[in-house]
Amino acid sequence: MLLRPESGAAGALESYAALVRRRIVFVGAIAVLVIVAFIIDLATGPSALGVSDVLRGLYAPAEAERATAVIIWEVRLPQALIALLVGAALSLAGAEMQTLLNNPMASPFTLGMSSAATFGAALAIVLGIGIPGIPASWIVPVNAFLFAFGSVLLLSALSRLRGTGGDSIVLFGIALFFTFNALVALTQFMASEQALQQLVFWTMGSLTRASLDKAALVALVLAVVVPFSMMSAWKLTALRLGEDRARSIGVNVSRLRLGGLLRASLLTGVAVAFVGTIAFIGLVGPHLARLMIGEDHRFFLPASALCGALILSLASCASKIIMPGVVLPIGLVTSLIGVPFFLALVLNRREQI
Amino acid sequence: MARWLVCWLALVAAAGGSVFSPAVAEPIVVTDIAGRTVTIERPAQRILLGEGRQLLALSLIHSDPVSILAGWPADLKRQDEETYARYSKKYPGIEDIAIVGQGSLDTFSIERALAVAPDVAVFSGGYGPSVKSTDIVSRLESAGVKVVFIDFISKPLENTAQSLTILGKLVGREAEAKAYVEFYNRHRQRIADRLATAKPKAPNVFMHAHAGLGACCNSPSRTTIGAFIDAAGGHNIAADVLSAPFGQLNLEYVLSAHPDIYVGTGGVHLIGKGGLVMGPGIDLTRSEETLADVVAAPGLSDVAAVRNGRVFGLWHIFNNNPANFLAVEVLAKWFHPELFADVDPDESLRELNDRFLPVPMQGTYWVTLTPSREAPDAASP
Numbered sequence: 069m070l071l072r073p074e075s076g077a078a079g080a081l082e083s084y085a086a087l088v089r090r091r092i093v094f095v096g097a098i099a100v101l102v103i104v105a106f107i108i109d110l111a112t113g114p115s116a117l118g119v120s121d122v123l124r125g126l127y128a129p130a131e132a133e134r135a136t137a138v139i140i141w142e143v144r145l146p147q148a149l150i151a152l153l154v155g156a157a158l159s160l161a162g163a164e165m166q167t168l169l170n171n172p173m174a175s176p177f178t179l180g181m182s183s184a185a186t187f188g189a190a191l192a193i194v195l196g197i198g199i200p201g202i203p204a205s206w207i208v209p210v211n212a213f214l215f216a217f218g219s220v221l222l223l224s225a226l227s228r229l230r231g232t233g234g235d236s237i238v239l240f241g242i243a244l245f246f247t248f249n250a251l252v253a254l255t256q257f258m259a260s261e262q263a264l265q266q267l268v269f270w271t272m273g274s275l276t277r278a279s280l281d282k283a284a285l286v287a288l289v290l291a292v293v294v295p296f297s298m299m300s301a302w303k304l305t306a307l308r309l310g311e312d313r314a315r316s317i318g319v320n321v322s323r324l325r326l327g328g329l330l331r332a333s334l335l336t337g338v339a340v341a342f343v344g345t346i347a348f349i350g351l352v353g354p355h356l357a358r359l360m361i362g363e364d365h366r367f368f369l370p371a372s373a374l375c376g377a378l379i380l381s382l383a384s385c386a387s388k389i390i391m392p393g394v395v396l397p398i399g400l401v402t403s404l405i406g407v408p409f410f411l412a413l414v415l416n417r418r419e420q421i
Numbered sequence: 025m026a027r028w029l030v031c032w033l034a035l036v037a038a039a040g041g042s043v044f045s046p047a048v049a050e051p052i053v054v055t056d057i058a059g060r061t062v063t064i065e066r067p068a069q070r071i072l073l074g075e076g077r078q079l080l081a082l083s084l085i086h087s088d089p090v091s092i093l094a095g096w097p098a099d100l101k102r103q104d105e106e107t108y109a110r111y112s113k114k115y116p117g118i119e120d121i122a123i124v125g126q127g128s129l130d131t132f133s134i135e136r137a138l139a140v141a142p143d144v145a146v147f148s149g150g151y152g153p154s155v156k157s158t159d160i161v162s163r164l165e166s167a168g169v170k171v172v173f174i175d176f177i178s179k180p181l182e183n184t185a186q187s188l189t190i191l192g193k194l195v196g197r198e199a200e201a202k203a204y205v206e207f208y209n210r211h212r213q214r215i216a217d218r219l220a221t222a223k224p225k226a227p228n229v230f231m232h233a234h235a236g237l238g239a240c241c242n243s244p245s246r247t248t249i250g251a252f253i254d255a256a257g258g259h260n261i262a263a264d265v266l267s268a269p270f271g272q273l274n275l276e277y278v279l280s281a282h283p284d285i286y287v288g289t290g291g292v293h294l295i296g297k298g299g300l301v302m303g304p305g306i307d308l309t310r311s312e313e314t315l316a317d318v319v320a321a322p323g324l325s326d327v328a329a330v331r332n333g334r335v336f337g338l339w340h341i342f343n344n345n346p347a348n349f350l351a352v353e354v355l356a357k358w359f360h361p362e363l364f365a366d367v368d369p370d371e372s373l374r375e376l377n378d379r380f381l382p383v384p385m386q387g388t389y390w391v392t393l394t395p396s397r398e399a400p401d402a403a404s405p
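Quick mapping for you: the protein sequence lines, in order, are chains U and E.
Just so you know, we're using my numbering here: the first sequence kicks off at 69 and counts up by one.
Just so you know, we're using my numbering here: the second sequence kicks off at 25 and counts up by one.
Hints should not be assumed to be uniformly reliable.
Stated by the list, open to error - Here are some, though not all, of the chain E residues that point toward chain U, as calculated from beta-carbon distances under 7 Å:
1. G238
2. D326
3. Q386
Simulated from the structure, these hints should not be mistaken for lab results.
Each residue gets a CB set at the ideal place from its N, CA and C atoms; glycine is no exception.
Work out the full structure, taking the sequences as your base and the hints as a guide.
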């Protein structure tokens with residue numbers, strides 16, 4: 069029990085302050101774990117470069133041997149950074165969507181955003197359809213981003229046709245999911261064997277497409293989106309009490325939803341564009357955060373982002389360790405580790421989320 | 025009276041038939057790559073191909089390969105427009121061959137395949153039906169179509185000669201097949217013998233498959249196109265860590281393995297995708313430029329072989345092509361330039377074109393990046 073009934077208002081305030089302190093400590097602790105995971109990720113790889121070599125190479129790149137500097141700056145650092153950033157982006161998107169739609173199954177993946185992104189990528193890979201004038205190596209990410217973003221615009225347009233109920237958005241999202249999957253299957257059917265292989269690899273997700281400028285772009289999107297998310301935090305918390313109650317205290321729910329979905333689509337679009345589809349982060353990250361922190365979105369949102377970053381960072385380590393020298397697609401790893409983990413979470417759940 | 029006449033005519037016809045074409049009565053028995061024994065009554069007249077690109081194998085031994093095709097998938101037309109156009113020019117009938125699929129197993133239509141009434145189906149894995157496609161095989165066989173497996177892709181170096189021999193028997197061109205097999209074996213033997221006697225130190229080779237396509241570094245292990253590395257006296261660094269036939273190497277592993285030689289593979293399927301463009305109808309300059317672009321990518325440009333200027337490009341489609349001995353010759357020359365100083369793959373290609381191919385292979389099938397080109401700031405002349 070956190071609230072002691074015998075204490076008065078002062079006692080309640082004090083225990084609330086304690087609760088806030090505890091949540092801050094929790095968020096801080098996850099942040100520390102994320103940093104540790106990031107360093108482990110940086111220190112993991114098929115060549116014998118340990119933590120100290122990596123840190124020295126990062127601190128003083130000019131002094132490091134050329135091969136070492138290349139391994140650190142061109143291979144390990146971009147991948148480790150993009151794992152953190154994409155994990156955070158997908159998980160934050162999932163957290164907002166779960167609240168906005170009042171549905172624990174909502175995530176960028178269950179509502180068709182990633183299927184749309186895959187379709188965009190498939191158009192580029194299989195049929196060579198893309199925005200003219202874009203360099204060859206950017207056609208696929210740009211297509212993926214545009215389709216993920218476009219799918220959310222479609223989703224909100226559809227939902228405005230028929231009120232703004234969270235459930236109808238979820239149903240529309242599922243319809244989009246199946247539609248885009250069917251379209252992807254259609255392009256696969258038309259694809260040559262080589263294009264098909266490339267598409268399959270793309271959909272399995274990979275951090276090896278990372279580069280420092282791509283990581284910077286994801287960081288930029290996060291930096292733009294996070295302040296807006298945090299500004300909406302109390303409204304999101306109010307929404308957890310129910311749509312009617314939120315309305316009664318002055319929250320414009322449909323605007324909140326539209327803004328949140330746009331943020332989620334930006335985050336998902338940029339993440340999926342650079343690493344392909346990585347399942348489960350957007351679903352498991354928020355649930356993990358909620359179990360530890362609860363519903364107060366001032367803490368829940370950053371905790372979700374950090375949990376996502378942590379999971380993807382650890383998955384990145386695993387993908388390098390399982391078969392040394394070979395890269396396992398990261399989407400495979402998150403799904404294989406994510407599924408049992410997710411099941412354990414659901415089975416251990418004591419109360420309704 | 026009329027009946028007697030018919031009988032007499034029939035007798036004469038039978039006698040005449042046996043005199044003028046004695047082979048008719050002799051059934052043809054072949055043991056295919058899958059170890060199945062297949063008997064056909066006479067040389068195949070209506071062949072169904074599992075992969076359109078095996079037209080090239082047929083053309084090595086048959087002067088009019090299009091005339092004996094009843095149906096094929098559209099892979100050659102879709103994926104190698106240049107070659108298709110050249111064949112089409114020489115054999116206009118190519119347009120009339122029935123299309124039974126788009127060049128993938130999923131689009132292979134058994135109904136269309138049966139509708140073209142083939143006498144023999146020749147399957148070769150790859151884009152088309154393989155030994156595992158039991159449904160397709162059993163349906164064809166129950167309709168009386170013989171199914172024969174050949175292979176140039178899964179074990180290219182072991183199965184190429186046998187596959188040509190099988191094809192030669194099937195289409196009644198045994199002598200032509202024998203001539204090609206002798207030519208092929210002579211070229212293979214030249215490399216193998218010299219490696220066996222000289223026993224040179226095998227350089228570490230990094231083969232970058234479909235170079236420039238997607239993230240680095242897709243690489244074959246010991247099968248498919250990777251098989252040529254061992255045969256040419258190289259050591260494939262992917263074979264040390266890959267258990268699957270194909271996989272994505274960690275760029276860090278490639279960097280730390282310090283390969284002596286970089287071989288990118290490419291083809292026309294990489295046009296517009298930022299990859300190495302090579303193959304039929306592609307000029308040398310374009311291949312050189314795309315290869316230079318590929319190895320200029322961050323990380324890749326620091327691989328030891330690239331820094332030391334030992335960068336080469338190979339046509340990927342040698343992975344499913346009866347002329348794969350050319351790939352072995354080229355690789356051997358790159359790996360051991362002194363040992364194979366007298367081997368001239370260009371001359372071998374010329375001989376292949378002159379002696380065997382009705383439609384010659386023309387284009388860029390191998391390319392060496394000259395050191396001046398790979399310097400990132402060097403202006404190309």
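Status of the hints after comparison with the structure:
no.: 1; hint: G238; result: holds, 6 Å
no.: 2; hint: D326; result: holds, 4 Å
no.: 3; hint: Q386; result: violated, 22 Å
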